[in-house]
Amino acid sequence: MSARSLEGQKPSERIATGVLWTVSALVCCVLLWILGDLVVRGAGVLSPEFLTEAPRDAGRAGGVGSLIISTLWIVALAVLIALPLGFFTAVLLADHRATRLARFVRGCLDVLNAVPSIVFGLFGSGFFCVTLGLGYSILAGGLTLACMILPILIRTIEEALRAVPSDLALAAAALGISRWTRLWRVVAPAALPAIAVGVVLGVGRALSETAALIFTSGYVTRYPEGWLDSGRALSVHIYDLAMNIPGADQRAYGSALVLIGLLLIINTSVRLAARRFSARMAP
Amino acid sequence: MLPQRPPRRAVRDSLLRALVLSSTLLAASLIFLMLAFVAGEAQPALGARGLGEFLTSASWHPTDASAPEFGLLAMLAATGATALGALLIAGPLGVATGLFGALIAPQAWARLQRMLIELLAGIPSVVYGLWGLVVLVPLIGAGTRSGQGLLAASLVLALMILPTVALSTEAALQAVPRELLRGGAALGLGPIARARRIALPAARSGIVAGFVLAIGRAIGETMAVLMVAGNIVAWPEGLREPLRTMTANIALEMGYATSAHRSALFVVGLVLMMAVIALVALAALVRGRASSVQEARA
Amino acid sequence: MTAMNSPPFRAALAACLALLAGGCSGSADAAETLTLTGSSTVAPLASELALRYEATHPGVRIDVQSGGSGRGIADARQGTADIGMASRALAPDETDLDAHTVARDGIGLIVHADNAVASLTTGDVRRIYLGEVTDWAELGGSVGPITVVHKAEGRATLEVFLEHMGLDNKAVDADVVAGENEQAVKTVAGTPGAIGYVSIGTAEVDIAAGVAIRTVALDGVAPTAAALADGSYTLARPLNFVTAGKRSPHVQAFLDFALAPAQHDLVRRESFLPAQ
Chain V
1 MSARSLEGQK PSERIATGVL WTVSALVCCV LLWILGDLVV RGAGVLSPEF LTEAPRDAGR
61 AGGVGSLIIS TLWIVALAVL IALPLGFFTA VLLADHRATR LARFVRGCLD VLNAVPSIVF
121 GLFGSGFFCV TLGLGYSILA GGLTLACMIL PILIRTIEEA LRAVPSDLAL AAAALGISRW
181 TRLWRVVAPA ALPAIAVGVV LGVGRALSET AALIFTSGYV TRYPEGWLDS GRALSVHIYD
241 LAMNIPGADQ RAYGSALVLI GLLLIINTSV RLAARRFSAR MAP
Chain S
1 MLPQRPPRRA VRDSLLRALV LSSTLLAASL IFLMLAFVAG EAQPALGARG LGEFLTSASW
61 HPTDASAPEF GLLAMLAATG ATALGALLIA GPLGVATGLF GALIAPQAWA RLQRMLIELL
121 AGIPSVVYGL WGLVVLVPLI GAGTRSGQGL LAASLVLALM ILPTVALSTE AALQAVPREL
181 LRGGAALGLG PIARARRIAL PAARSGIVAG FVLAIGRAIG ETMAVLMVAG NIVAWPEGLR
241 EPLRTMTANI ALEMGYATSA HRSALFVVGL VLMMAVIALV ALAALVRGRA SSVQEARA
Chain Y
1 MTAMNSPPFR AALAACLALL AGGCSGSADA AETLTLTGSS TVAPLASELA LRYEATHPGV
61 RIDVQSGGSG RGIADARQGT ADIGMASRAL APDETDLDAH TVARDGIGLI VHADNAVASL
121 TTGDVRRIYL GEVTDWAELG GSVGPITVVH KAEGRATLEV FLEHMGLDNK AVDADVVAGE
181 NEQAVKTVAG TPGAIGYVSI GTAEVDIAAG VAIRTVALDG VAPTAAALAD GSYTLARPLN
241 FVTAGKRSPH VQAFLDFALA PAQHDLVRRE SFLPAQ
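Protein chains in written order, with the working numbering: chain V, 1 to 283; chain S, 1 to 298; chain Y, 1 to 276.
It cannot be assumed that every hint is accurate.
A few chain V residues that face chain Y, going by a derived Cβ cut-off under 7 Å, partial list only [said to hold, decoys possible]:
1) 218
2) 220
3) 244
4) 245
Label-pair distances were calculated between CB atoms; the ranges are [said to hold, decoys possible]:
5) S/8 / V/101: 24 to 30 Å
6) V/12 / Y/209: 53 to 59 Å
7) Y/222 / V/133: 50 to 56 Å
8) V/21 / S/8: 53 to 59 Å
Calculated directly from the structure, the hints in this document are not laboratory data.
Since the structure is predicted, the reported quantities are computational estimates derived from the model, not experimental observations.
No residue lacks a Cβ here, since even glycine has one placed at the ideal position from N, Cα and C.
The shape of chain V in the complex, shown without the other chains (with noise of 0.2 Å):
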């Protein structure tokens, strides 16, 4: 529902949506602010090779192909494992709003999400890499990330769950719909378009990721084999070209821009996804 016309509106209204609109437009411009310096920067070294050639010469020639492949897989994994964690979870939130229980449960995620990324890092490298001796892997790292991106998840699907209209839940009970059926044909289709704003908020985290991945998935740059491989992530990659590379910087701003890709790849897949099928299930 936007403002049709401003004409007949109380003062204060225009005022009011006047501050909106400067805002919008502050924060829009700071973001264009930002992309385009990197665009400045970087787009000199972007390329079909930069895409799909492995680093070189520590990072100074050659691209990032390999890079793109392992750091697909570490998010990929680490969506695949949160998700269905993060969904039953959100499912049990959302039924139970204000029991004691919930409210515990709610309690550790926001602890969880607040804990720095090099701890998670830590942790990741002493409990995935050692004790379950995974290694710097891939996989590592997409575990380590899932542990990362779930409070967020969670705590976005309930929200999601919880806004899908008490009539259409109420209606299946009415008509003695098992929970499962009511769950997976009636609340989760409507709730998908907000459910993916929860995946992309936490693909966004899991892609800008640094400090975590340097201890779990580590440093290597050649092509991955396999999830048990060690794979440097675009994260990770632009973080050495930066700070520790000298000479490095246009690439570095490059690296990023290929993130930024991908993650707009990324999100436009999961919005229009979760928009078909929400299209799909509507009533």
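Let chain V serve as the given structure and place chains S and Y on it in line with the hints.
Structure of chains S and Y alone, referenced to chain V:
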């Protein structure tokens, strides 16, 4: 009468219950696993120096050969100051942006804004730190001094948590039933009034959830703050004075620390987690009291 | 037909699973895998050495990980890594380890490119870092107040610098503490009155790339690779491959390769000096 197999419905529902309960258990236990890990690594330093020193001193010199000092206070204050600063900037801006996108803006602009914000959410913290270091810091320093400090850190953190607040607010507002808003329009309320009096209160739990996520992110952020805050262990004294957050401290020194120093860094991590637990408990208390007041009013 | 059964959804799901399933095969069988962990300063050089070694020794895989000198030393001790990378000399309590110096890394002072001050004495630097001198005007410069850029504790660069200058870390009055080299470089490049110290090789590469910094001569000696090589510039630290106990033939083979003069070009390409 032969015993009957349970109807498929019941089996599926039991399966659902099992999945839901086991997932919840697993999700909730993760934080305890982490706490156990951090506490275990912190134990040697706690045993050797005692928690008291960490919490009562502001001097941090862990590698001094003769008289090492392990004081966290200044860094604890720095974490609080930067997170608060980020929230003061990103909170209002994020809610306003989300509100605008969900209820006021034309569809096309709302979509553009949302796309930009989602992009912002995926930019690595390293890139924010880099941009902050190379673009923002010189601006703040204005050519005469280093711009690394509280203001730079708060601004960069605000940029990083803005998407969470904005997108959560927008999603929460979009979930408000349209009939409520239409009712408000029928009563003659303009869009802003409808937003303020109907939509925002209805979406409150979603917005607060977004805030909690954002605070968590602000407190736990490491890389970006490391690059623009100056990293001097000192009380937050001014917008352009350098400070060192607890997370930056861990990241800065962990890779090069010997076992005693490393253990002390885990104490920093432990104190940070304790502070977050206290904050979350406080927030839950406040929310609990607010909802019971609401119930009393109804 | 529900959405989940529709052809497009199934096709997309199949594609995603295929992409992911590429990972299920597990790691390739290599005859031997060597793992190096440790200093992020040494890691790029180690990666390049590893790449060249793998090209000439098929069947051997060398994985280089980061994590810091402390981690490298700990991993070498525990056997978690075959070789630990450390950007410093071994400490007195590390006699159970063997250090193989693969390169040397000089440490030089840098200031902003607009700063006209080209030379400082050890005494000048001491006074700057102790906070006794606060404006470049006192040293013949004109870029205003001095912004002191220091390094984080535990780093070898810091230790070597403090020792050379005769400073106690507690007495240093700094404005910014940098973690990695490039952070110090970018800080100095963004603040006209800044002074810091970084790896000489890093500074030279960045200056050649147009970054707004310049090096400063210390006690009359300019920090160049040549001065380091002939010994007139002494502020430097070793970059070590660290091992513990008996070395397997594969580890020894790689060490011999890495330290060989044939690989000195790689060392120089990373802006270090080959070990003497």
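Can you name, in rising order, the numbers of the hints this structure does not satisfy?
none
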